[in-house]
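*Asks:* So the protein lines, in turn, are chains A and B. Here the first sequence is numbered in our numbering, starting from 1 and rising by one per residue. Here the second sequence is numbered in our numbering, starting from 1 and rising by one per residue.
To be clear, the hints were calculated from the coordinates, so they are not data collected in a lab. The model shown is predicted, which means the values in this text are computed figures rather than measured ones. The beta-carbon is built from N, C-alpha and C at its ideal position, and this holds for glycine as well. Heads up, none of these hints are tricks.
To be clear about the criterion: a stretch of chain A counts as covered by chain B if any three or more of its residues have a C-beta under 8 Å from a C-beta of chain B, and this derived list gives those stretches:
1) 221 to 234
2) 238 to 247
3) 261 to 271
4) 282 to 291
Anything over 12 Å on all C-beta distances counts as not near chain B; from chain A, calculated:
5) L30
6) E185
7) K331
8) S332
9) E334
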Amino acid sequence: MLRTMTLALLAGVFAVPAMAQDRWDGADSLDTNPLACDGSPGEMAMKEYDGGQPATMSDKMGQEITLIDVPKLVGIGYFAATTKGQAEAAAELGNVNVSTDGPTEANIDDQITFIDNYITQGVDGILFAANDPVAIAPVLKKALGEGIHVVGYDANSEPDAREWFVNQAEFNGIGKAMIDAMAEEIGADGSFAIVTSTFTTPNQARWIAEMQAYQAACHPNMTWLETVEAQEDNNLSFNQATTLINKHGDDLDGIFGMTSVATPASAEAVTQAGACGEIAVVGLATPNAMKPYVASDCVKSVVLWNPVDLGYAAVYVMRAVVDGKLKPGDKSVEAGKLGTLSVVNGSEILLGAPFIFTKDNINDFDF
Amino acid sequence: MAAPEATTALAPTPRRRWVPRIALSQELVLFLAIVALFVVVGAINPRFVAERNLQSIFLGNAYIAVAAIGMSMVIISGNIDISVGSLIGVLATVSGTLAVAGVPIVLSWVIPVLLSIAFTTTMGAMVAYLRIPSIVVSLGFLSILKGGLIVVTGGAWINALPEGFHLAQMKPFGIPMPIYFMVILTIAAALWMRLSATGRSIYAVGGNAEAARLSGISRERTVVKVFAIHGFFVGIAALLYATQLAIIQSTVPPNLELTIITASVVGGVSILGGTGTVVGSTLAAVLLAAIGSSLIFINVSPYWLRAVQGVLILVTVLADMWRRMRQARGRGR
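Pulled out of the complex, with its shape left as it was, chain B reads as follows (with noise of 0.2 Å):
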């Protein structure tokens, strides 16, 4: 489970087994990416590392973080779910419904979420136990959300919204709130899923269900907290993406979902399963945010991130696939 890779490209010590070894990995040389981008572009235009500027790197992303933290533990556990941008739309669209209509406000952002983890549990039951692959159901789900937002709000735009309702506009100590939700939803699931035993379990049943299975691990009750936890951060970042703006789009944001399986992957989630954190793919997050500034800073076409995002892709399952290999190699040995 819980990754020996990228050790074995750094001289073994002693305190080894202190030091967690997986932060020394993706999650190391992600960091090591962002800080060089920093340099890189900061010393071409200063005002790329001006305090507003970062303040908008980790702003910009932060919403895709908050729901790639669920997405990393459902492609964890051996799925995926290829709904998300299109549930992020409705659920956006539902809370901002719920505060025009005058319901109150903490009900406008604890509803959408209630009900993302009832969407996502359904979908996780129906991968658990009526054994349909994750992607099928997912993409099901897809094409009703996004088909049903269409008809259901004919494409207007939800304005008005009332006072107060912004929560991702906040900034307790000057920071904005988003990025508070990035920062600690990281942290408490980093350690959920290194301390608790479910979190332990997620691994255990997408690195070798089997293997799970004989060890008393409920594959099918695994998989269905998986989704339903996957709801709460899916709906975490749905009230971030509908309350950053005076005005709601109701409509699907385009290729949203591929942006957060991009930071989960990038992020060092095995897309085989089984292997990953969240820390990652929420870097990773950060970083696909630093460089679309960047482009701008630099003067290159948009165009570039959709290349970079597919080069770091494919550079990060390159990766996976070599350690694979060698860690199948060493147990040979």
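Same shape as in the complex, but just chain A (with noise of 0.2 Å):
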């Protein structure tokens, strides 16, 4: 066995000078692009409207409205701060009635059922989050058969199924935003490490390939000195982080969580290992389990997206497709509060920036 321990040991001390790398560990090979440095919005490569549409244009222009939204699931946080956000929305607009119904479960079979009784019962508009892109496009299809409009928004279905789908985030949008904010906390010269899923889960792939394309163009004198995985396990990722604190000592200024399970782990074990302060910890995650290492100063930027504005875009398109002021070919939709959104990829509606959760604001979220 000390023969095998050994050779294990001497493929490892071997590989090491193979790793030299253009690449970030944990980044995917797709091309990138980058956000400009000061945020000004780049070129985009203009597709063409991949939308579906109603059979029969409603004719309810200016009219009161009655919409039905069905989420991915009822009864969590996020959710319910979409569904916060649409009331906001509709109390605003004056003519939009708007009411959350789905399933207690993330499940597609439930979702499809509750579309489909709405279908029967009638509505005006339907608003979604799909547990599943390609399994909803039936019953979307069968609404817009119907003369229904269909909005998605969180997680998108086949793109002819609905008319358009409010998006979120776009990755060079969160490459940008984890970027700007570790730099802000550790200086323009910093040296940071990444805990990750694994190395070929796609949204992290692509969002570890967007930070490594806007951190060489906007601040190039940051280091990035190694990626590790961490599955999706908390203590796993807890030692993982840990073991990079050992490892690097004082060469280590930040850490990235690529996940929300990540990224409390690495703020856990900057905190047990008394390093708040010395080294930042900048995440994806949800604002619930970063409150408290948020609360103890340990974590300055939490980003993600605002699921409260992401509900209240969704509505603000919807009025916009019903009244008109928003067809094929569109560049741009007014969405309130929210100002100008630009259309992307076709029949994509882009929220913004990400959000980024501070001590000033985490804790007017619950999810």
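Bring the two chains, given one by one in their own frames, into a single complex with the hints.
*Replies:* Listed below in structure tokens is the structure:
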């Protein structure tokens, strides 16, 4: 067994030189599209409108409409927050009735049944967050076929099964927000490591690639040390982050958490190592999991999007569609207090820059 | 029962009778492997052997080691429990839920342990008296616990745990609590298995059930006892797991049962039953943590951890087979 161990170790040692790389571990190899350093909108490759259209155009322009919202599931804080945003938008507009109804578990079959029932009852529009992009498509197409408007948010369906989708965050937007937040905390020449789920998890790999591209362009003096994997396991994430702290000592200025598990676990590792204030933690996470660390000032920025704004935007988009103010080929839409939102990827509305939860606002959220 | 293995590789000495022979086999190999790892990786990066990383290594798999004590007893008795990862997930959630609900903290520690013993005793009784293979019984429990946990909690995490709940974060005399649990429980269990009649009967039942029966040992009662004791260790492991972090993730930790079984098997517990020690499984748990940490220190993808674990399992099992063959041949002579 000693020989096995030695062999494994030798293999490891020899693997090191091979790892000198131009791509960060955990980043994918797809093209990146980093945003401008100052946040000005970049050149966007325009894509033809690829959404679906209702069979008959409603004539409810400016009139009162009734909407049903069918999220992935009800009874959790996240979708309670989107519902809250929808109610705010409806109250502002004054001519929209919106209610939320959906399965109590994130089950696609139940979700389809709910949507089907509301098609039968008759509504003017359906808002949804899909449990499965493909499986939900037929029932949404049925709604379009009956002249019901369909707008998605949070989790998309196949494009031609809905008219528009409100996209909460683009990969390059997250990449910029993460790197900017870290640069602000550790300075223009700080060094950081990344804790991710696995090197091949699609969303995380895309985010890391965009982070690298943005850092190279806008914060060229920061140093990436390494990326470690921790799956979606709380204790493993904690151990991996602790090992990073032990390994790099004073050379480590910050840790990025790429998942809602890795970020709180990294914050916990920094806390238990007594390194709060010396090692920054920036990451994607839900507010509830981060409240203890934000309250103790160990974590200053939690990157995500604001689900209240997401629900709010979805209702404004629906109203604009009914009123004929948002048509295929348009490049932007007015969304009340959120201002003008741009159209991306053919038939998606981008919510805007990611939302940063801080000590000042995190207690306003419960999800 | 107690294996004469590995002594074959050593020159026989007159003192052999007083030196516990078992200490010269798998345990020694594991110990040397840990030392070798510390020396090699420490030479590459001295921070690997700095006090705080050593503490992290011993701390990292302490709950695995504690669970592997019970698992080793179960495997030595000729059974297995693959529900242990799910059970730890459920018990951690129960513990956190009780604590948040305002139950006295000591009860939120004790109730999960009692619950664990109740669960595993039930499993043991089904294995012993209904004669259902343990892998089937524990597979059933695995599904029930895993599914039940998701239905009941909806995947919501437990936070806002009360002050004083975090047993595993306490550091008497500067050493983290889980390390005390790992060391003390390993020594206690090792002595109990070596010296007590019940401890010896576990080896007897797992080694040769028929011979054990003829010598007056009840297989049924021994198996139920083993599972009950296993439940105690699982309960303690769940407690260490639940109180390590400020948040309890109400899901079953991925592959935890495999890591625990790996620690037992690499620790020298024969998967066929009858031989092995809990000292070995604890050393193996520490070795696995040290390998995991070293992979980060020498910049190797943690995917290697899986590969190395796999190699360790196969090498240990092959060595076990080889010993058994030699033993059988020796007896034939």
